[in-house]
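Novice: Protein chains in written order, with the numbering used here: chain F, 1 to 298; chain S, 1 to 272.
Rather than coming from a laboratory, the hints here were simulated on the basis of the structure. Treat the hints with care, as some may be off.
What the hints assert, rightly or not - Now the stretches of chain S that chain F is said to cover, found in silico as 3 or more residues with beta-carbon under 8 Å: (1) 36 to 47; (2) 79 to 87; (3) 107 to 114; (4) 205 to 215; (5) 251 to 257.
The C-beta atom is built at its ideal place from N, Cα and C for all residues, glycine as well.
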Amino acid sequence: MTEATHSISMKASAADATAHRVPLSARLKTLALYVLLTVLLILYSLPSLGVVLTSLKSNAEIGREGIWNMPDTASLQNFRDAWETGNAGKYLANSLKVTLPATAISIVFGVLTGYTLAKLPFRGSESLFIFLVAGLFIPPQVVMIPLFRMFNRAGLYDTLWPLIIVHIGFGIPICTLVMKNFFATIPTAIREAAIIDGANELRVLLRVMLPLSLPSLAVLATLQFTWIWNDFLWPVIFTRSDDVRTVMFGLASLRGQYSVAYGTQSAMAVYASIPTLLIFIFFQKYFIRGLTLGSVKG
Amino acid sequence: MVVVYPLVSSFYYSFTDWNGFGEQYNFIGFDNFERMKTDRLFRNAIENTILWTVAAVVVPTSIGLLIALALHERGILARLYKSLFYLPICLSLVVIGQVWIWIYQPGFGLINIMLEKVGLSQYTRAFLADPDTALQSVIAAWSWQQIALAMVIFLAGLTSVPKELTEAAEIDGAGYWRTVRHVVVPLLRPASVVVIALSVINSLKSFDILYMMTRGGPFHSSDNLAMMMYNESFQKYRMGYGSAVAVVLFMITLVVIIVYFRQQRGLEQLYD
Chain F
1 MTEATHSISM KASAADATAH RVPLSARLKT LALYVLLTVL LILYSLPSLG VVLTSLKSNA
61 EIGREGIWNM PDTASLQNFR DAWETGNAGK YLANSLKVTL PATAISIVFG VLTGYTLAKL
121 PFRGSESLFI FLVAGLFIPP QVVMIPLFRM FNRAGLYDTL WPLIIVHIGF GIPICTLVMK
181 NFFATIPTAI REAAIIDGAN ELRVLLRVML PLSLPSLAVL ATLQFTWIWN DFLWPVIFTR
241 SDDVRTVMFG LASLRGQYSV AYGTQSAMAV YASIPTLLIF IFFQKYFIRG LTLGSVKG
Chain S
1 MVVVYPLVSS FYYSFTDWNG FGEQYNFIGF DNFERMKTDR LFRNAIENTI LWTVAAVVVP
61 TSIGLLIALA LHERGILARL YKSLFYLPIC LSLVVIGQVW IWIYQPGFGL INIMLEKVGL
121 SQYTRAFLAD PDTALQSVIA AWSWQQIALA MVIFLAGLTS VPKELTEAAE IDGAGYWRTV
181 RHVVVPLLRP ASVVVIALSV INSLKSFDIL YMMTRGGPFH SSDNLAMMMY NESFQKYRMG
241 YGSAVAVVLF MITLVVIIVY FRQQRGLEQL YD
C-alpha cells in the first residue's frame with residue numbers, strides 16, 4: 001500500500017520533471033541551433049568581411065600580415081587611391097550610364113508587352129508569351145558572336161551602346177513576365193469602366209494601371225539594376241579602351257595591372273558593390289520578392 | 001531582335017570557318033562538329049560542364065534547404081540572420097571571384113592558413129594553380145552565392161507549407177527530420193524545381209567567375225563550354241568553331257528548358 005503510493009508519487013514527479021524539461025530542452029535546442037547558425041553565418045560572411053577589412057588596411061600591413069586579420073589602424077587611403085589613380089569615378093559613371101537607361105527602357109518595354117499580353121490578348125499571344133519566357137534561359141554565349149559582328153559593322157564596338165542595347169534585349173523577357181503576371185491580377189472590369197468613361201488605352205495604362213503596379217515596378221527596378229550593374233561578360237566582349245570601362249571590368253583588369261595592390265583592389269570592390277548593396281538594404285523586400293517571382297534569370 | 005536574329009546566325013556561323021574579321025568565309029558543312037569528336041579540349045570542357053551541373057543540382061539545393069529550414073519562423077533575430085545570409089546575392093561574381101582568389105592563395109590564403117593551424121599542412125596547396133583542384137575551387141566559390149539564392153526561394157516556399165500539417169505530423173510522433181522528409185520536402189517540390197532549374201541554367205552560363213579566377217586554366221583544366229566558346233572565338237579568332245560550341249551549349253540548355261517546362265506543367269496539373 002505505502003509502496004504503491006510511493007511509486008505513484010514517483011511517477012507523478014517524473015512526469016512533472018519531464019513537463020518542465022520539455023520547454024527547457026526546446027530552449028536548449030533553439031540555443032544550440034543559434035550557436036550553430038552563428039558559426040555558419042560567420043564562416044559564410046568571411047569572404048565579404050575579408051574585402052571590407054582589407055580595404056581599410058595599408059599595403060604595408062597587408063604585405064606584413066596578409067589579409068585575413070583585423071587591421072591595426074583603419075585608414076581610407078585605399079579608397080583615395082582607387083578614386084585618384086584607379087579611375088573608380090570614371091568606371092562608376094560608365095556603369096551608371098549603362099545601367100540606368102537599360103533598366104528604365106527594359107521596364108517600359110515590359111510594361112507595354114506585359115499589358116498587351118494580359119489585357120489585350122490576340123491570336124498567338126500565348127505562344128508569343130512562352131517564346132518570350134524561353135528567352136530567359138538562353139545563355140548569352142549562344143548569341144555572342146553574331147551580336148559582336150552586328151555591333152562591329154554598325155561601328156558601335158568599344159562604345160557603351162552595345163551594352164545598353166543588349167541589356168534591354170535580355171531584360172525584356174523578365175520584365176514582360178513580371179508585368180504580365182501582375183496585370184493579370186487586376187480585374188478587367190477596371191479597364192472596361194475607364195474605357196466607357198472615354199479614356200483611351202494609353203490613358204488607362206498610365207492613369208489606372210501604372211499607379212497600381214508600383215510595387216511590381218519596384219521589384220523589376222531593383223532586379224534589373226542589380227543584374228545589369230554586376231554584369232561582366234558584355235563589357236569584356238564589346239569594349240576595350242579604358243574610357244568606356246564599366247566598374248566590374250575595371251575591377252577585373254585591376255587584378256592584372258597591379259596584382260599585389262590588394263588594398264586598392266578591395267577598395268575598388270567596395271566601390272563597385274556599394275550601389276547594389278544600398279539597393280539591397282533599402283529595397284530588400286522588393287528584391288527578394290522579385291527573386292522568388294520571376295526567379296529564372298541569373 | 002537582340003536574341004532571335006543572333007540565335008539563328010549562330011547556327012549559320014557554326015557551319016563556316018569565319019575568323020571574325022572581314023567578310024570572307026567558307027561554308028564547311030559539319031566539319032566544325034566533326035572536329036569536336038576528336039578535340040581533347042572540347043571533351044574536357046563537356047566533362048567540366050557536366051561536373052559543374054551536377055554540383056549545381058546538389059550543393060545549393062541541399063545546403064540552401066538546410067539553412068532555410070533552420071531560419072524559417074524563428075523570430076526577429078532570424079530575420080537579421082536571413083538578411084546576412086542573403087547578402088552574397090547582390091554581389092557581383094567579379095567581386096566574389098576576387099575575394100575567393102584570396103581565400104585560395106598559396107601563401108596567405110584563408111584555407112591554407114586554417115589547414116596549417118589544425119595540423120593538416122600536407123593538404124595546403126595553390127588550389128587555383130593546381131589542375132586537380134582548380135575547377136572544384138571555382139565551383140565552390142560559385143556555390144557560395146547560389147546557396148543564398150536557393151535559400152531565398154526555399155524560404156518563400158516554406159511560407160506556403162501549412163503549419164497544421166507539420167504540427168499534425170509531429171503530434172503523430174514523427175520526429176522533426178521525418179516530418180521534414182515526408183511532409184515538408186514533398187510540399188516544397190515547386191520551389192525545388194525552380195531552385196534546380198535556376199542553378200543548372202546558371203551553371204551552364206557561368207563565365208564571369210571562371211574568367212576572374214582561372215580563365216579556364218591551368219592548361220584548360222577548368223574550362224567549361226562557355227569559357228571554351230570565348231577562347232575559341234575571341235582569343236583564337238575561330239568564330240566558326242566557337243559558334244559550333246555555342247550551338248552545343250544551346251542544345252544542352254534547350255534540353256534543360258524542356259525538362260523544366262514539363263515539370264512545371266506536371267505541377268500545374270497536380271495543383272489544379
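Novice: What are the numbers of the hints that this structure violates, sorted from low to high?
Specialist: The structure breaks only hint 1.
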